[in-house]
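**Student:** Here is how the chains run, residue by residue.
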Amino acid sequence: MSEAAPVTPLRERAGQALQDTFLQQALTIATTKFIGLRREAFDDFPEGEALRDRARAIKEATLQHLDRHLEQLIDSVERGGGHVHYATTADEARRVVLDIAGRAGVRVVVKSKSMATEEIHLNDALEAAGITAVETDLGEYIIQLAHERPSHIIAPAIHKTKGQVAELFARELGRPTEPDPEVLTRIARAELREKFLIADMGISGANFGVADTGTIVLVTNEGNGRMVTSLPRVHVAVMGVEKVIPSMTDLAVFLAILAKSATGQKLSVYTSLVNGPRRGGELEGPEEFHLVLLDSGRIDQLAGPLREALACLRCGACLNVCPVYRQIGGHAYGYTYPGPIGILLTAMLNGPGSVTELAHASSLCGACADACPVRIDIPRMLIELRRDGVERRLPRWPERVVFGVLGRLLRRPALYRLAARVGRVLQRPFVRGGTIRRLPLFLGHWTRTRDLPPIAGRTFQERWARLAREDHP
Amino acid sequence: MTTRAEFLARIRTQMGRTPGRFTAEPSPRPERPRERFEVLRRELSERWQDNLQRFRHEFERVGGVFHRVDVAAAVPAAIARLAAERGARRVVAWHGEALGVDVAAPLLAEGLQASAAPATEVEAAERSRRRALAADADLGVTGVDLAIAETGTLILVSGAGRPRAASLLPPCHVAVFDRDALVASLLQAGLALEAWHDGAAPGTRGASINFITGPSRTADIELTLTRGVHGPREVHAVFVEQGLAPRRG
Numbered sequence: 002m003s004e005a006a007p008v009t010p011l012r013e014r015a016g017q018a019l020q021d022t023f024l025q026q027a028l029t030i031a032t033t034k035f036i037g038l039r040r041e042a043f044d045d046f047p048e049g050e051a052l053r054d055r056a057r058a059i060k061e062a063t064l065q066h067l068d069r070h071l072e073q074l075i076d077s078v079e080r081g082g083g084h085v086h087y088a089t090t091a092d093e094a095r096r097v098v099l100d101i102a103g104r105a106g107v108r109v110v111v112k113s114k115s116m117a118t119e120e121i122h123l124n125d126a127l128e129a130a131g132i133t134a135v136e137t138d139l140g141e142y143i144i145q146l147a148h149e150r151p152s153h154i155i156a157p158a159i160h161k162t163k164g165q166v167a168e169l170f171a172r173e174l175g176r177p178t179e180p181d182p183e184v185l186t187r188i189a190r191a192e193l194r195e196k197f198l199i200a201d202m203g204i205s206g207a208n209f210g211v212a213d214t215g216t217i218v219l220v221t222n223e224g225n226g227r228m229v230t231s232l233p234r235v236h237v238a239v240m241g242v243e244k245v246i247p248s249m250t251d252l253a254v255f256l257a258i259l260a261k262s263a264t265g266q267k268l269s270v271y272t273s274l275v276n277g278p279r280r281g282g283e284l285e286g287p288e289e290f291h292l293v294l295l296d297s298g299r300i301d302q303l304a305g306p307l308r309e310a311l312a313c314l315r316c317g318a319c320l321n322v323c324p325v326y327r328q329i330g331g332h333a334y335g336y337t338y339p340g341p342i343g344i345l346l347t348a349m350l351n352g353p354g355s356v357t358e359l360a361h362a363s364s365l366c367g368a369c370a371d372a373c374p375v376r377i378d379i380p381r382m383l384i385e386l387r388r389d390g391v392e393r394r395l396p397r398w399p400e401r402v403v404f405g406v407l408g409r410l411l412r413r414p415a416l417y418r419l420a421a422r423v424g425r426v427l428q429r430p431f432v433r434g435g436t437i438r439r440l441p442l443f444l445g446h447w448t449r450t451r452d453l454p455p456i457a458g459r460t461f462q463e464r465w466a467r468l469a470r471e472d473h474p
Numbered sequence: 079m080t081t082r083a084e085f086l087a088r089i090r091t092q093m094g095r096t097p098g099r100f101t102a103e104p105s106p107r108p109e110r111p112r113e114r115f116e117v118l119r120r121e122l123s124e125r126w127q128d129n130l131q132r133f134r135h136e137f138e139r140v141g142g143v144f145h146r147v148d149v150a151a152a153v154p155a156a157i158a159r160l161a162a163e164r165g166a167r168r169v170v171a172w173h174g175e176a177l178g179v180d181v182a183a184p185l186l187a188e189g190l191q192a193s194a195a196p197a198t199e200v201e202a203a204e205r206s207r208r209r210a211l212a213a214d215a216d217l218g219v220t221g222v223d224l225a226i227a228e229t230g231t232l233i234l235v236s237g238a239g240r241p242r243a244a245s246l247l248p249p250c251h252v253a254v255f256d257r258d259a260l261v262a263s264l265l266q267a268g269l270a271l272e273a274w275h276d277g278a279a280p281g282t283r284g285a286s287i288n289f290i291t292g293p294s295r296t297a298d299i300e301l302t303l304t305r306g307v308h309g310p311r312e313v314h315a316v317f318v319e320q321g322l323a324p325r326r327g
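Here the protein sequences line up with chains A and B, keeping their order. Quick note, our numbering runs 1 ahead of the 1-based positions in the first sequence. Quick note, our numbering runs 78 ahead of the 1-based positions in the second sequence.
Hints listed in this document are in silico derivations from the structure and should not be mistaken for laboratory results. Among these hints, one or two may not hold up.
To be verified - Reference listing, derived: stretches of chain A covered by chain B, where coverage requires no fewer than 3 residues with Cβ under 8 Å from a Cβ of chain B:
1) 26 to 35
2) 84 to 92
3) 133 to 146
4) 161 to 174
5) 178 to 188
6) 231 to 242
7) 276 to 285
What the hints assert, rightly or not - One-sided and incomplete, this derived list gives chain A residues near chain B with beta-carbon spacing under 10 Å:
8) 197
9) 270
10) 448
Just so it is clear, the structure is predicted and the values come from calculations on it, not from any experiment. We treat Cβ as the ideally placed atom computed from N, Cα and C, and that holds for glycine.
Please take these sequences and the hints and turn them into a complete structure.
**Tutor:** Below, the structure is given as structure tokens:
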């Protein structure tokens, strides 16, 4: 296991989120805006649908020969003067990075936004080793100052008000200020600019690794990715193995759909292609470049039930459209990756046992699969995870009893009809105004937030039998 | 620590458990990408006006400011005007040969503190000094290797005389280009990337290629769009109607 399980149950975490009025408002505004921007971007781009299929095919083809593509990536990176490291677990990835930092005498690290380094909880390890690690994406910087975790894959501080950010800057940076995003951004620019210029090491993730050329590709809007890969004397990129793509031709396909899916931009402001250390004649660029290839549960899924999730681009589109994410936000999920895809990635990294509850945090409406730029069938895998949970007898006994009984009834028509008649009598005390508002005992969980339609006065089967008689007297 | 062999062996073991389950093919790679890109360039040179118009539209949509001058010799004056409007004094620029026009000398003559990047390798101390200069500069002037009409994107290849910092550290970035840089689409830029990586890179080529689509921006605080969070607040593209001098690198 690489991540600790949340302490409180999902029900409580979700309940808290539902009571947080600002969070509710922020989630609605942000996700609605992202949905609209994404739709507009694809409406203006008729070739988008074909490119989504193309992108998915490239991912499948790459996974199909993952060893070959990774070998090629490794060789190209080494040819360009970079070093490649291999991390089977999150713990090993942390040790690799600490080892590089130790050898290079690193004291200050600047980081660009990277879910892979979030996933392995790298900052904690760096701090424990006495190394200052500074997140430089504005959203990540804010949540780092607040000692929190990101709540959205691409908008990590979506849950914070400008007032909260102003208070945070006053407290943590000693810079009291008005709650104006423009002013707050200027303060962060000044603080972080200083860090970029003194940092010894830059740590980034990788949106793509191009096998052919040994190129690490970073997509950002702020420009921090460029700083992190150009100014410090050491650059470390931590990349999940599934991020490798064969060629620059393939890269163009992914770039054409990635930003549109994430923020509705045609392209993010900066797409940076990094080919290892500084070359002769250049004024900037690191003296050392290290690529850390991360497994951490991914490789097992090459032949596993979550294989499709290896195609994920981390664009966040499925979060924005998910009726559950839109209500509870990212933190309630309890792990690094929130939202529909986050449940699958959590299962991949921490084992299926970690998502026993989370696999049910979905209405299976399919909006995520529609929004996914590479058309990952997320609901199908959520159902598989649920089945896995049931097969391991994880549900509590009342649930098992209820579904056991239901299973038997559904297989025996006579018994089913009898049960309907009995149920009609038993439900009488609970029906108020045509609906069941409250059920007793553990069944009350169901009716706490929704009504249950009562068993009809005449069931469909009874009416059907009657109609049949009337038609053929 | 896991070795390369162990790591790849684990992958092969897992791959062995999926025989014939998936049939997708990777993208066909263009053959002889350099030649194909040259052919494309010739085709594009006949439609450069359409592409320029589209580029301008998209570039302005993402917050860029478009300028047009007749000849390369008019570029320094255009930059001096931008500097004057902003009260800017300190300018860092690409080397004249990488830019296609020398801007540092004329700007110095105008009384600005302008410096062009060296065209060859310099010592570490000089690199630090140059970096500090860029960090303090008000204006950064660069060339452009490709301009994508579809997205309003400027593509800059780093290298000798082509510092990355000039388009990153100053609050205002001025990029100078001509019709040779224009391509229609992102997929055409993909062909250019293939061509650039085909065979050995020229010795002056750097380790970084950047796509720049408008000024640095963030919406991380309450989704309020704010410019210039780390990179430049302003990006200007100066189009040289009659073309720049042949560029190096």
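**Student:** Check each numbered hint against the structure and report the violated ones by number, ascending.
**Tutor:** 10
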